[in-house]
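K.L.:
Each chain, written out:
Protein chains: 2
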Amino acid sequence: MAYKSDIEIARAASKKPIQEIGAKLGISSDDLLPYGHDKAKVSQSFINSVQGNENGKLILVTAINPTPAGEGKTTTTVGLGDGLNRIGKKAAVCIREASLGPNFGMKGGAAGGGYAQVVPMEEMNLHFTGDFHAITSAHSLLSAMIDNHIYWGNSLEIDTRRVVWRRVVDMNDRALRQITTSLGGVANGFPREAGFDITVASEVMAILCLSKDLSDLQKRLGDMIVAYRRDRSPVYARDIKADGAMTVLLKDAMQPNLVQTLENNPAFVHGGPFANIAHGCNSVIATTAALKLADYVVTEAGFGADLGAEKFLNIKCRKAGLAPSCVVVVATVRAMKMNGGVAKADLGAENVDAVKNGCANLGRHIENVKSFGVPVVVAINHFVTDTDAEVQAVKDYVAGQGAEAVLSRHWELGSEGSADLATKVVETIEKGEADFAPIYPDEMGLADKINTIATKIYRADAALMDQKILNQLKDWEEQGYGNLPVCMAKTQYSFTTDPNERGAPTGFTIPVREVRLSAGAGFVVAICGEIMTMPGLPRVPSAEAIKLNADGDVEGLF
Amino acid sequence: MAYKSDIEIARAASKKPIQEIGAKLGISSDDLLPYGHDKAKVSQSFINSVQGNENGKLILVTAINPTPAGEGKTTTTVGLGDGLNRIGKKAAVCIREASLGPNFGMKGGAAGGGYAQVVPMEEMNLHFTGDFHAITSAHSLLSAMIDNHIYWGNSLEIDTRRVVWRRVVDMNDRALRQITTSLGGVANGFPREAGFDITVASEVMAILCLSKDLSDLQKRLGDMIVAYRRDRSPVYARDIKADGAMTVLLKDAMQPNLVQTLENNPAFVHGGPFANIAHGCNSVIATTAALKLADYVVTEAGFGADLGAEKFLNIKCRKAGLAPSCVVVVATVRAMKMNGGVAKADLGAENVDAVKNGCANLGRHIENVKSFGVPVVVAINHFVTDTDAEVQAVKDYVAGQGAEAVLSRHWELGSEGSADLATKVVETIEKGEADFAPIYPDEMGLADKINTIATKIYRADAALMDQKILNQLKDWEEQGYGNLPVCMAKTQYSFTTDPNERGAPTGFTIPVREVRLSAGAGFVVAICGEIMTMPGLPRVPSAEAIKLNADGDVEGLF
Chain R
-3 MAYKSDIEIA RAASKKPIQE IGAKLGISSD DLLPYGHDKA KVSQSFINSV QGNENGKLIL
57 VTAINPTPAG EGKTTTTVGL GDGLNRIGKK AAVCIREASL GPNFGMKGGA AGGGYAQVVP
117 MEEMNLHFTG DFHAITSAHS LLSAMIDNHI YWGNSLEIDT RRVVWRRVVD MNDRALRQIT
177 TSLGGVANGF PREAGFDITV ASEVMAILCL SKDLSDLQKR LGDMIVAYRR DRSPVYARDI
237 KADGAMTVLL KDAMQPNLVQ TLENNPAFVH GGPFANIAHG CNSVIATTAA LKLADYVVTE
297 AGFGADLGAE KFLNIKCRKA GLAPSCVVVV ATVRAMKMNG GVAKADLGAE NVDAVKNGCA
357 NLGRHIENVK SFGVPVVVAI NHFVTDTDAE VQAVKDYVAG QGAEAVLSRH WELGSEGSAD
417 LATKVVETIE KGEADFAPIY PDEMGLADKI NTIATKIYRA DAALMDQKIL NQLKDWEEQG
477 YGNLPVCMAK TQYSFTTDPN ERGAPTGFTI PVREVRLSAG AGFVVAICGE IMTMPGLPRV
537 PSAEAIKLNA DGDVEGLF
Chain X
-3 MAYKSDIEIA RAASKKPIQE IGAKLGISSD DLLPYGHDKA KVSQSFINSV QGNENGKLIL
57 VTAINPTPAG EGKTTTTVGL GDGLNRIGKK AAVCIREASL GPNFGMKGGA AGGGYAQVVP
117 MEEMNLHFTG DFHAITSAHS LLSAMIDNHI YWGNSLEIDT RRVVWRRVVD MNDRALRQIT
177 TSLGGVANGF PREAGFDITV ASEVMAILCL SKDLSDLQKR LGDMIVAYRR DRSPVYARDI
237 KADGAMTVLL KDAMQPNLVQ TLENNPAFVH GGPFANIAHG CNSVIATTAA LKLADYVVTE
297 AGFGADLGAE KFLNIKCRKA GLAPSCVVVV ATVRAMKMNG GVAKADLGAE NVDAVKNGCA
357 NLGRHIENVK SFGVPVVVAI NHFVTDTDAE VQAVKDYVAG QGAEAVLSRH WELGSEGSAD
417 LATKVVETIE KGEADFAPIY PDEMGLADKI NTIATKIYRA DAALMDQKIL NQLKDWEEQG
477 YGNLPVCMAK TQYSFTTDPN ERGAPTGFTI PVREVRLSAG AGFVVAICGE IMTMPGLPRV
537 PSAEAIKLNA DGDVEGLF
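Which chain is which? The protein sequence lines are R and X, in order.
Residue 277 in our numbering sits at position 281 of the first sequence, and the numbers go up by one each step.
Residue 359 in our numbering sits at position 363 of the second sequence, and the numbers go up by one each step.
It is worth saying that the hints were derived from the structure and are not from the lab.
Among the hints, erroneous ones may be present.
All copies of an identical chain are treated as equivalent in the list; a pair is satisfied when it fits inside any one copy or across any two copies.
Listed next, the in silico DSS-like pairs over lysine-lysine satisfying Cα-Cα at most 25 Å (straight line) [said to hold, decoys possible]:
| id | residue 1 | residue 2 |
| --- | --- | --- |
| 1 | K391 | K315 |
| 2 | K366 | K215 |
| 3 | K464 | K0 |
| 4 | K543 | K247 |
| 5 | K86 | K340 |
| 6 | K543 | K208 |
| 7 | K464 | K86 |
| 8 | K470 | K85 |
| 9 | K12 | K237 |
| 10 | K20 | K288 |
| 11 | K366 | K452 |
| 12 | K340 | K352 |
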């Protein structure tokens, strides 16, 4: 059997006008701000008007630690959404937007795959509805206003060596990582060291994704620390008087985007913060709006459950008052084999023992998620090479962990293949066992919070923080930031800080290299390893092959 | 009588759904790509489908040299468009898009004014349909790919001291004018001097505005010179293999934007290149599409007629095969008085003699435009303080120049006030006297072209070019660029290079400081004075006062 590529399937999609998709959720044409015929923003006034609705049930899709075999978290999110609609439930999907820049380095990412995709795929990998451009603009305005303030007399007494606000561009441009600005004489300002990150790493992105509404957005933007004075006191974006104009630049971007799955079910695609130095989930406003409009909302979090689900639950749910009713942990037979020690080239051959050995990684994630008080369903995302015995091995293992694993074939069959998973998820939710709580309270000290995640989620012996870091955390506690959650920046490939340590390792520590305060987003970032906030392009960037063909279709992007 | 502000009038507009505006031009809903309910792009496929239509008549609106009194060129363009519709003609307006960045320095610009405006005004001053963001992205991709090429071995042997491709951002950020990039060690590349311009100064902007279609766009992007080797041979964007991906990033931006006037008549707002280092007109594709859809198309060019109309006629019309049927030169009584020596504070008092003295500036523009073989109508854009005697003085002067001046009151009355102007323009066109030709042939040498403009349009004794500049022009001629038109970069406030020289000066020369080759856009820029390609923010940027008010409206932008 020959399989079609994701892009072939996406291009063959029978898309419906976005107004018809909106109508499924009770959104009138007037309340949809169209961007072309297949994308729209849902108006803020409509969102305000449905705040009295009862909330639907929230389902988080997360995964084991990613392996090169691929797990299909977004694919499962989309497939589960379609599956729920197939079994007669009113369901919507909430996922993140893609970053434009990286698509010109490596090939662009589909939103899902096979017959479980969100469309229009090309536009979602290009400008989409302009949200990220708006974030870049808002960020750049603040950047310009900071140096402009210094230029015109620096009445805030900013220490130009301690400007912590970096610039951003939505492009992989390593040449901009570290630069010297304001050269060329008096007319251009005071030379200083500076640098660019990629737009998705902007604190503005994290804020947009965590804000409840426009006034919350403006408050958080104002709260951002942009620089310090010689006496180490912080200078805020509010002091620069940039928060109002930034909010104006972001007012459209704050409205969630509505698109559709291949099966014409509603999908919100909104926001896309980094999953390391930020929390890695789609916007709070999209999730909370979807919960007012659908009975079931399926969403996902970046990376594996140790990072993505942990942040979704400890940061996003805590801040937005969300409580998931069920968590789906995605695993594949192939990934279990890799966790069990099989090399990528050998994944095609049946190896039940390796599957069993690799299940320890899955088991720890199940246990972790349950510790938040939320029931778990494991989705085995089916690959064509999986054998019945291998699948059964996973199912048996999961049953032994007090959960249930369901084989799902949405990639190949769409909702026909995910109906069983959807049924199991609904059953699980209807048992009403979910009793969500974050695993640490607001009041806990910052160092203790880091330690709690390291020991309870990663199962490290401890988080290692030197005195300088402990002092910094203490300073922030004294400044009133002690109640913030922590955002761990660690490799996604392992529970440890070593990306090669698969499975469920023990007997390790988590060294914290640096801590950063995102005062507007509202979390303290603990950096445990190398974190790249401005990628570079590879030797042969995918951009070299991207072009329009004679039919006007985009070639080379996928 | 109390007058409403532009923004009050714009907010009170009775906008129609953009589909109704499109229908006036025969564009179906399917062929309109909506951006919200009041903006849309016209699909490329629709534009292709109407290429067999006969062309409408093209009317250029230009003006005397700008004075602080304000002339109202865009206002007259919009008013004339509405006036033509009022007298039963099928007319459309074509104007430029606004740049986002500068609105955060000084207050944003209306598209027109009073009762002759294009709406939605706020969105046109913010992200609009994202065209400028697409240009920034395409430009940034090429920037990243150049340094990436150098990083991975520099097989094209680019001399890193001779990278002429600067970066861009759509923000007034003087700190980025001159920077050093790629600092921080091996992983970040080879340090070199670089800098940012504002997006509208990008050659990509000029190219987008001059390209006939997407394949023309890609060819021109490929033709751009990005750097030189040690042997001074040029390296093109095509060599970097960026042209295909840049075209993909620009494919939506190439489709013209349709909005409406306050009177619900169609207005194309598309592209916005600098009027100094570029040609300063809206896109060729918008103008040519409008000509296929309307019987009369009213467009404008940046700055006064000596720069704007000259470039429109010698560059845009030449390249796009356009031939205007009539040129409207906008003048005001107040501006005539300033040209006649009256200070801005004294403009309120009647002063017929000063009006008469100032008319020399208008007279020279009339004569210049006629030298292109196109008939001229002068529009006296009425201000409330104008007296009958002053208006009559202008009319008498213009009659003596073999043209006719019509008082137009569109600012105050909309199309009711511009119907006379519209009638006169139609009468003029129907005489069929237009016989347009550029004032210099392609074959003329580059230095002679510069000299022709300086002597025939500015009435200078000569353009002064030193040997270095002459050699450079000769080199380009030898490389095959001799057939390009020249794009003059000079102050807009005077025929001379001194912005304070009003009226119709004689006995001066035009010193050419520098020449630049825009090989993709297809012109040679002759720089005659200080040209700023990256503005800074003022001491108190308008951004400080921009915010959303309690009703969700934008405050402080206008």
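K.L.:
Can you tell me if K470 and K85 fall within 25 Å by alpha carbon in one copy, between copies, both or neither?
P.N.:
This pair counts as neither: shortest intra-copy Cα distance 49 Å, inter-copy 74 Å.
K.L.:
Evaluate K20 and K288 at a C-alpha cut-off of 25 Å and name the case that applies: within, between, both or neither.
P.N.:
within (13 Å within a copy, 39 Å between copies)
K.L.:
Between the shortest in-copy and the shortest cross-copy C-alpha distance, which are at most 25 Å for K464 and K0: within, between, both, or neither?
P.N.:
neither (55 Å within a copy, 60 Å between copies)
K.L.:
Evaluate K391 and K315 at a C-alpha cut-off of 25 Å and name the case that applies: within, between, both or neither.
P.N.:
Answer is neither: 35 Å inside a copy and 69 Å across each miss the 25 Å cutoff.
K.L.:
Please work out whether the CA atoms of K543 and K208 approach to 25 Å or closer within one copy, between two copies, in both situations, or in neither?
P.N.:
between (39 Å within a copy, 18 Å between copies)
K.L.:
Treating 25 Å as the Cα threshold, decide for K340 and K352: within, between, both or neither.
P.N.:
within (17 Å within a copy, 86 Å between copies)
K.L.:
Up to 25 Å between alpha-carbons, please classify K86 paired with K340: within, between, both or neither.
P.N.:
Answer is neither; intra-copy 39 Å and inter-copy 66 Å both fail.
K.L.:
For K366 vs K215, is the C-alpha pair at or below 25 Å within one copy, between two copies, both, or neither?
P.N.:
Intra 34 Å, inter 58 Å, cutoff 25 Å: neither.
K.L.:
Check K543 against K247 for me: Cα-Cα at most 25 Å, and say if that holds within a copy, between copies, both or neither.
P.N.:
The answer is between: 10 Å across copies meets 25 Å, while 33 Å in one copy does not.
K.L.:
Are the CA atoms of K366 and K452 at most 25 Å apart within a copy, between copies, both, or neither?
P.N.:
within (12 Å within a copy, 83 Å between copies)
K.L.:
When no copy is specified for K464 and K86, does a C-alpha distance of 25 Å or less occur within a copy, between copies, both, or neither?
P.N.:
Classified as neither: same-chain Cα gap 52 Å, cross-chain 73 Å, threshold 25 Å.
K.L.:
Taking 25 Å as the upper bound on the Cα-Cα distance, should K12 and K237 be classified as within, between, both, or neither?
P.N.:
neither (44 Å within a copy, 36 Å between copies)
Checked against the numbered hints given earlier, this structure breaks hints 1, 2, 3, 5, 7, 8, 9; the rest are met.
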